[in-house]
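A.B. asks: Here's the letter readout for the chains.
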Amino acid sequence: MIEFANLLGKLNWNALPHDPITAGGAATVVGGVLVVMAALTYFKRWKWLWKEWLTSLDPKRIGVMYIVVAIVMLVRAGTDALMMRAQQAVSVGNNHGFLSSNHFQQIFSAHGTIMIFFVAMGLMFGLINLVLPLMLGARDVAFPFLNSISFWLFGAGVVLVNLSLVIGSFSAAGWLAYPPLSELRYSPGVGVDYWIWSLQIAGIGSLLSGINFLTTIIKMRCKGMSLMKMPMFVWTVMGAMTLVIFAFPILTVTLTLLYLDRTFGMHFFTAGAGGNMMMYVNLIWAWGHPEVYILILPAFGVFSEVVATFSRKRLFGYTSMVWATWAIVVLSFSVWLHHFFTMGAGADVNGFFGIMTMVIAVPTGVKMFNWLFTMYRGRILLATPMRWFLGFVVLFTIGGVAGVLLGVPPIDFQLHNTLFLVAHFHTMIVSGVLFGYFAGVTYWFPKFSGFRLNERLGGYAFWCWLVGFILAFVPLYILGLMGATRRLDNYSPSLGWQPLFIVAGVGAAIIAVGLTLQILQLLVSIRQRQQTRDTTGDPWNGRTLEWSTPSPVPFYNFAVTPEVDSRDPFWAIKQARSAGIEDKSTYEAITLPKNSPIGLFVGTLAFLIGFGAIWHIVWLAGISLFGILVLVIVRSNDDHTERHISAKKLEELDKQARTQERYA
Amino acid sequence: MSATATVVDDNSDKPILGFWIYLMTDCVLFASLFATYAVLYNNTAGGPSGFQLFNLKNVLAETLILLTSSFTCGLAMLAAHKGDRDRTLAWFGVSFLLGIAFLALELTEFRHFVQTGNSWRRSGFLSAFFTLVGTHGLHITVGLTWMVTLMVQVFRRGLTRATIRRLTMLSMFWHFLDIIWIFIFTIVYLRGAIAP
Chain A
1 MIEFANLLGK LNWNALPHDP ITAGGAATVV GGVLVVMAAL TYFKRWKWLW
51 KEWLTSLDPK RIGVMYIVVA IVMLVRAGTD ALMMRAQQAV SVGNNHGFLS
101 SNHFQQIFSA HGTIMIFFVA MGLMFGLINL VLPLMLGARD VAFPFLNSIS
151 FWLFGAGVVL VNLSLVIGSF SAAGWLAYPP LSELRYSPGV GVDYWIWSLQ
201 IAGIGSLLSG INFLTTIIKM RCKGMSLMKM PMFVWTVMGA MTLVIFAFPI
251 LTVTLTLLYL DRTFGMHFFT AGAGGNMMMY VNLIWAWGHP EVYILILPAF
301 GVFSEVVATF SRKRLFGYTS MVWATWAIVV LSFSVWLHHF FTMGAGADVN
351 GFFGIMTMVI AVPTGVKMFN WLFTMYRGRI LLATPMRWFL GFVVLFTIGG
401 VAGVLLGVPP IDFQLHNTLF LVAHFHTMIV SGVLFGYFAG VTYWFPKFSG
451 FRLNERLGGY AFWCWLVGFI LAFVPLYILG LMGATRRLDN YSPSLGWQPL
501 FIVAGVGAAI IAVGLTLQIL QLLVSIRQRQ QTRDTTGDPW NGRTLEWSTP
551 SPVPFYNFAV TPEVDSRDPF WAIKQARSAG IEDKSTYEAI TLPKNSPIGL
601 FVGTLAFLIG FGAIWHIVWL AGISLFGILV LVIVRSNDDH TERHISAKKL
651 EELDKQARTQ ERYA
Chain B
665 MSATATVVDD NSDKPILGFW IYLMTDCVLF ASLFATYAVL YNNTAGGPSG
715 FQLFNLKNVL AETLILLTSS FTCGLAMLAA HKGDRDRTLA WFGVSFLLGI
765 AFLALELTEF RHFVQTGNSW RRSGFLSAFF TLVGTHGLHI TVGLTWMVTL
815 MVQVFRRGLT RATIRRLTML SMFWHFLDII WIFIFTIVYL RGAIAP
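Heads up: the protein sequence lines correspond to chains A and B, in order. Take our numbering: the last position of the first sequence gets the number 664, and nothing is skipped along the way. Take our numbering: the last position of the second sequence gets the number 860, and nothing is skipped along the way.
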């Protein structure tokens with residue numbers, strides 16, 4: 001119900017943390033923010049941060065910001081995972097562990113939500129921003145200003161999710177907040193509202209990104225790049241963004257309806273008065289299943305680039321890869337019901353969705369074989385990105401087979417909501433999505449920083465992740481088969497589950513070591529950057545256009561827009577060069593967008609709208625909404641949003657970049 | 665140079681393509697709301713059904729008004745492409761007033777339902793009805809706000825490339841809302857008029 005009378009809505013002193021664990025979480029968030037602010041002040045970096053990063057419309061800068069936020073969130077949600085593993089390893093019989101039931105529920109809800117929306121999505125949009133325009137031979141995305149708004153809406157979602165640690169509490173209804181549990185009657189606090197609004201705001205950002213990148217791919221390919229000459233990564237991004245466009249509006253609607261139920265007393269998903277809670281489950285998975293393909297398709301694209309480069313071969317079966325991608329795009333909308341075979345839809349419906357689930361494994365298998373055939377007789381260089389790929393091949397196949405097993409409805413009835421399922425989707429998402437984006441970050445890192453990441457530490461990190469992963473999740477497959485349901489915060493010692501839970505806990509700890517090593521790798525690499533400096537712009541002997549630019553890529557991407565006439569265009573250019581043909585270059589004046597703080601302002605106001613909606617502070621939400629309207633009008637009346645660089649200046653900049661490259 | 669010319673062309677039709685894609689996302693949004701309405705249609709929970717509630721005369725008036733505003737919006741665009749600023753503003757002015765009239769009729773209907781005890785709290789059916797029709801109304805409100813801002817812009821700056829491009833997107837939006845309304849008219853009101 002709404003309390004309009006109070007100026008602060010439902011907000012009061014009770015919203016601040018009371019018990020030691022929540023207080024610890026709150027202190028970490030507040031402390032972290034204060035430390036960063038103090039460091040920025042001490043090193044006098046505020047102006048630099050503002051001018052070079054926060055107001056930048058350069059997709060490369062925005063991409064780096066996405067990835068930085070995603071890594072911070074990975075640490076946060078990873079900490080949640082460690083707490084869950086620790087709790088389940090000790091909480092047996094009368095020993096209830098160190099977390100209360102309610103707190104445990106908030107942790108698993110936050111873990112899933114953050115990992116999907118703010119880690120996986122963040123890494124994906126980060127890499128797309130970094131690489132997509134370069135691969136297309138373009139200087140920018142289609143709508144640079146919209147891109148900045150997308151990023152800051154993502155940022156607003158991140159802030160809301162983490163703010164719930166300090167003010168109020170987070171949802172305890174699982175990462176997808178099924179009703180009736182998530183309805184006001186059973187979740188009366190603000191937790192579910194935090195969940196709704198952080199996802200709603202970040203989700204609208206994703207939707208705008210989808211429109212932006214799809215337009216970029218359709219409209220901004222360089223001369224000669226027909227669709228069938230696009231790099232595989234571009235194809236997979238195109239597939240994923242098409243899915244974003246079809247799937248994310250469903251999420252927007254679903255979240256809105258849940259909020260309307262909770263706030264305005266509607267009856268979409270309530271247990272009585274004509275609500276239909278299974279409609280929620282259908283709607284959320286009609287978004288949710290395509291969502292996992294949104295996350296994984298660009299990761300498949302990364303693997304396609306990595307495998308071809310590190311095998312020194314053309315990607316095997318390019319055309320079949322393209323068709324496999326689009327088969328997945330289409331089929332991903334026809335399998336959502338396999339998430340709830342137990343709903344009771346009847347044998348025919350379950351049979352259909354079971355068969356479709358098996359069918360969608362086929363194009364994925366096609367891709368897997370194409371990668372393996374690309375490696376066949378290649379000159380394989382086992383650099384870190386390639387290791388992530390090989391780890392993926394092993395784990396993803398295991399997880400995929402488990403998935404096909406779960407796709408058989410009678411088996412699913414046994415395994416529904418058990419840890420077997422948890423182990424299955426973690427195998428898919430960790431090895432597919434996370435390993436994919438780790439490979440991508442390592443692969444493209446020198447392009448944007450000018451130096452490579454430390455190989456040795458990268459290798460150690462990879463082995464920790466691989467071994468840790470197997471130790472953490474193989475026990476969960478076994479426990480699931482033994483009947484252990486997911487989300488248990490306590491179980492009876494007579495079940496004999498504890499040893500397996502302890503092994504899983506050890507595995508999680510090893511993964512944590514791997515993550516620590518990755519952060520260490522970054523620090524060490526920055527320290528030793530002189531030794532690993534990329535002086536050629538092409539550290540891996542790459543095949544696609546991004547490697548034809550100097551590292552780090554200048555803000556204008558290409559001094560002269562490239563023209564291509566084959567797949568793997570940079571490979572062709574290199575062949576031509578060694579044959580003695582010089583590429584011609586005439587400089588032309590270019591236009592790029594100026595920096596703008598408006599994206600940041602829109603994100604801030606969107607955060608305030610969310611905060612107002614969560615705590616029922618109507619005036620705050622209203623004023624913020626009006627503020628966004630004003631900002632949009634201001635922006636549309638601004639005629640000076642672009643800056644021009646003359647041909648002469650560009651030539652100078654280009655010569656400079658290329659000289660530095662040679663003599664650094 | 666021809667290369668530069670292509671680039672300029674690209675820049676002018678990128679926003680239009682982007683806006684088409686946006687409209688497709690809006691289409692999916694409405695499709696989801698239509699689906700929820702279809703699922704909850706019979707869930708009246710002891711409350712009134714569409715057959716008992718809807719007044720088709722009122723809805724017919726709304727429909728005609730909205731269709732006319734779409735027509736006048738088309739006339740405004742014709743004037744814009746001819747470079748006739750005053751006529752563009754005049755026809756958009758008419759579209760705006762018709763939009764206001766539509767919204768007023770819709771709100772009157774809503775108020776009537778709420779006052780007779782049949783608000784969105786009454787049943788799943790009414791929740792879905794108010795949300796579907798209300799979301800369309802909200803889009804109309806956004807469209808009207810946009811129309812006013814663009815009319816001010818056209819008045820101050822005249823019909824430049826940028827303003828014409830924005831007017832084109834607005835008119836696409838306006839026609840799109842018209843199409844959505846035809847579906848609401850058919851699926852919500854006409855189907856509702858069939859005796860159960």
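Calculated from the structure, these hints are not laboratory results. Hints should not be assumed to be uniformly reliable.
Said to hold, decoys possible - Derived SDA-like pairs: lysine to any residue, alpha-carbon spacing no greater than 20 Å straight-line: (1) A/K219 / B/F847; (2) A/K219 / B/L761; (3) A/K219 / B/A859; (4) A/K594 / B/P679; (5) A/K219 / B/V692; (6) A/K219 / B/K678; (7) A/K594 / A/H640; (8) A/K594 / B/D748.
Stated by the list, open to error - To spell it out: a stretch of chain A is covered by chain B in this simulated footprint if at least three of its residues, at any positions, have a beta carbon under 8 Å from a beta carbon of chain B; those stretches are: (9) 263-273; (10) 532-544.
As the list claims (entries may be wrong) - Not the full set, but computed from the structure, chain A residues with beta-carbon under 7 Å of chain B: (11) K47; (12) G93; (13) N95; (14) H96; (15) L214; (16) F246; (17) V253; (18) M279; (19) V467; (20) G468; (21) I470.
A quick note: this is a predicted structure, and the numbers were derived from the prediction, not measured. From the three backbone atoms N, C-alpha and C, an ideal C-beta is built for every residue, glycine too.
A.B. asks: For every hint, state whether the structure bears it out.
C.D. replies: Do the hints match the structure? See the list:
no.	hint	in the structure
1	A/K219 / B/F847	violated (32 Å)
2	A/K219 / B/L761	violated (37 Å)
3	A/K219 / B/A859	violated (51 Å)
4	A/K594 / B/P679	holds (18 Å)
5	A/K219 / B/V692	violated (23 Å)
6	A/K219 / B/K678	holds (7 Å)
7	A/K594 / A/H640	holds (8 Å)
8	A/K594 / B/D748	violated (33 Å)
9	263-273	holds (count 8)
10	532-544	violated (count 0)
11	K47	violated (32 Å)
12	G93	violated (44 Å)
13	N95	violated (45 Å)
14	H96	violated (39 Å)
15	L214	holds (6 Å)
16	F246	holds (6 Å)
17	V253	holds (4 Å)
18	M279	holds (5 Å)
19	V467	violated (43 Å)
20	G468	violated (39 Å)
21	I470	violated (40 Å)
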